[in-house]
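Asks: Now for the letters of each chain:
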Amino acid sequence: MEIIIEILSIPLVQSILKIVFIILLFAMPLGTVLTLMERKWSAMIQDRVGPNRANIGNYTGHGLLHLAADGLKSIFKEDTIPKGANGFLYLIAPFFGMIAGVATFAIIPIAGPIGDFTFQVTDIEPGLLFIFAITSLSVYGAVLAGTSSNSKFALLGGTRASAQMISYEVFMGLALMGIFMVYGSTRVSEIVDGQNEYWFGNLIPMWGVFTQPLGFILFFTALIAETKRAPFDAPEGESEIVAGYFLEYSGMRWSAFMLSEYIAVAAVAVLTTTLFFGGYHVPWLHLWESAPQWLVTLLQVMKFSIVTIFFCWMQIQLRWTLPKFRFDQTMALGWKKLLPLSLANTALTAVVILAFM
Amino acid sequence: MELKVKQVKRVDGVKEAFYIPATFGGLRLTVKHFFRNLLGSKDVVTINYPEEKRPISMRWRGRHRLTRKNDGFLKCVACYMCETVCPSKCIHIEAGEHPDLSIEKYPFRFDIDELRCVFCGLCVEACPKEAIRMDTGVVAMAYSSRKTFDFTRDLLRDEYDPKQHESPKYADEDLPRPDSSETALPNSQGIPAA
Ligand code: SF4
Ligand code: SF4
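If you read the sequences in order, they're chains A and B.
Residues 1 to 357 (the working numbering) are what the first sequence spells out, left to right.
Residues 1 to 194 (the working numbering) are what the second sequence spells out, left to right.
Next comes chain A alone, as it looks inside the complex:
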């Protein structure tokens, strides 16, 4: 027994356990379930039934078995490599996006710390700068897939993806400047704790969405553009460039692209929750001082999950609501509207902080 506690208190073992729990039991299942939920929810929006045919005997689970069916199908499909493709780059490209999406979860706390133990894989000093670095990595997935598949449509998609993602990363960073200034840190745990303060006594929690409303809209927009989903899905552009950069892929590698898209959706949701909606902090819970620790942690995990799922749902809802931007419109929106707005937001925040502090 003592030996087990001894082993469990080694930081490396703890980190590995956290990785397993947070990433394999939170990020991956969320991404996987979203692939089905997107189809089910879009069906509800459009008054359709949605997938409900996959079955074992008479059991369909309202379409739940489609997850298993999709997985089996893509495993047994042929993994094709087009003629003239750059084999090695072509084969590794699908995994960049996936790694980038999963790595986001590494710095996200899903509940408050208990003593020395944190519910966060690592609380690094650069914090969100790590996110910027990692999301830039996911551009490589699209670009490599586009250039290595030896296909004109894929190349077009790859170029569009790289242009779009690199430009929207700029506004993503600038939109977060306000948050950094308000909470005075880039460290995720400090930003989350900063959101546990209250205005006017105990009336309004100082969540990012209240301190930085414009920043929230800009950041959310930039992140949706970063995931390359509608209304910013010009890189995939079904109607003009078929599927864009992953046009030539098949089987499990194609699934990796799909899965990384949904993991990116989940990552967007957890980032929004953490930075703008108080992270794991349940509002006004500090008023109940005698709350047992286990209950607090449970409520925190629940609050975090509910807000995360809400934002996953929100992104899917947006995708099925908004028409697609043309590619030049995407870029114009970014450089001509979002960039000045985020600069103005940064300046305004700075002025307000200087005036009131």
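Derived from the structure by calculation, the hints contain no laboratory data.
Using N, Cα and C, we set each Cβ at its ideal position, and we do this for glycine too.
Check before you lean on any hint, since a few could be wrong.
Unchecked claim - Examples of chain B residues lying across from chain A (beta carbon under 10 angstroms, computed): (1) 17; (2) 20; (3) 35; (4) 43; (5) 45; (6) 46; (7) 48; (8) 138; (9) 139; (10) 141; (11) 143.
Following the hints, complete the assembly by docking chain B with the ligands onto the known chain A.
Replies: Structure of chain B with the ligands alone, referenced to chain A:
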């Protein structure tokens, strides 16, 4: 009649340029549908086909059937009216002599090639004896072999057993021919030969 022209106004201006009011307008609609359907598929009009079937009217022209008299004998008198009128020439009848002399003729063979049939219903209208009808309600016939679409007389009779049809035992050669008339009657009509 005056044509109604709906003028769609193009909206421009600051409100449109910000996208956000329009986004919320769109979200209001989709979220409304989402929640209506989340609580019990209210707007969904889809019919889950193999489990649920669309109600069909009495006049629907489906697969043919040959009606029978009270004594179990086919009503058809092999008058060839339907074969003559059929625009796609898919009915094939061979008449046989009936043991009951008051009836004169009955069909030894009565084959309909349902693949060629255009379901026009002319055969039903032409029949003087109401012996052929298309009211089985069989909407879709989907079989994996062409042979299965050749409906022979026994398959077209009233009590049609679809299970038998799925493994077609009724190859042409099994059918009673006019020259083996003793076996024909008990086999097809359930009445022993005279
Ligand atoms: S429905 Fe028309 S085409 Fe079909 S068998 Fe009757 S007459 Fe011929
Ligand atoms: S089905 Fe009617 S029309 Fe056709 S041969 Fe028999 S009696 Fe005549």
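Asks: If a hint holds in the structure, say so; if it doesn't, say that too.
Replies: Structure-based check of each hint:
1. 17: Holds. Min distance 8 angstroms.
2. 20: At about 7 angstroms, which falls below the 10 angstroms cut-off, the nearest Cβ of chain A leaves the hint on residue 20 (chain B) intact, so it holds.
3. 35: holds (8 angstroms)
4. 43: holds (4 angstroms)
5. 45: Given a least distance of 7 angstroms, the restraint on residue 45 (chain B) holds.
6. 46: Holds: closest Cβ of chain A sits about 5 angstroms from residue 46 (chain B), inside 10 angstroms.
7. 48: Interface hint status for residue 48 (chain B): holds (7 angstroms vs cutoff 10 angstroms).
8. 138: Result: violated, 23 angstroms to nearest chain A Cβ.
9. 139: violated (20 angstroms)
10. 141: violated (22 angstroms)
11. 143: Since chain A brings no Cβ nearer than about 21 angstroms to residue 143 (chain B), farther than 10 angstroms, the hint is violated.
Going down the numbered hints, you'll see the structure goes against 8, 9, 10 and 11, while the others check out.
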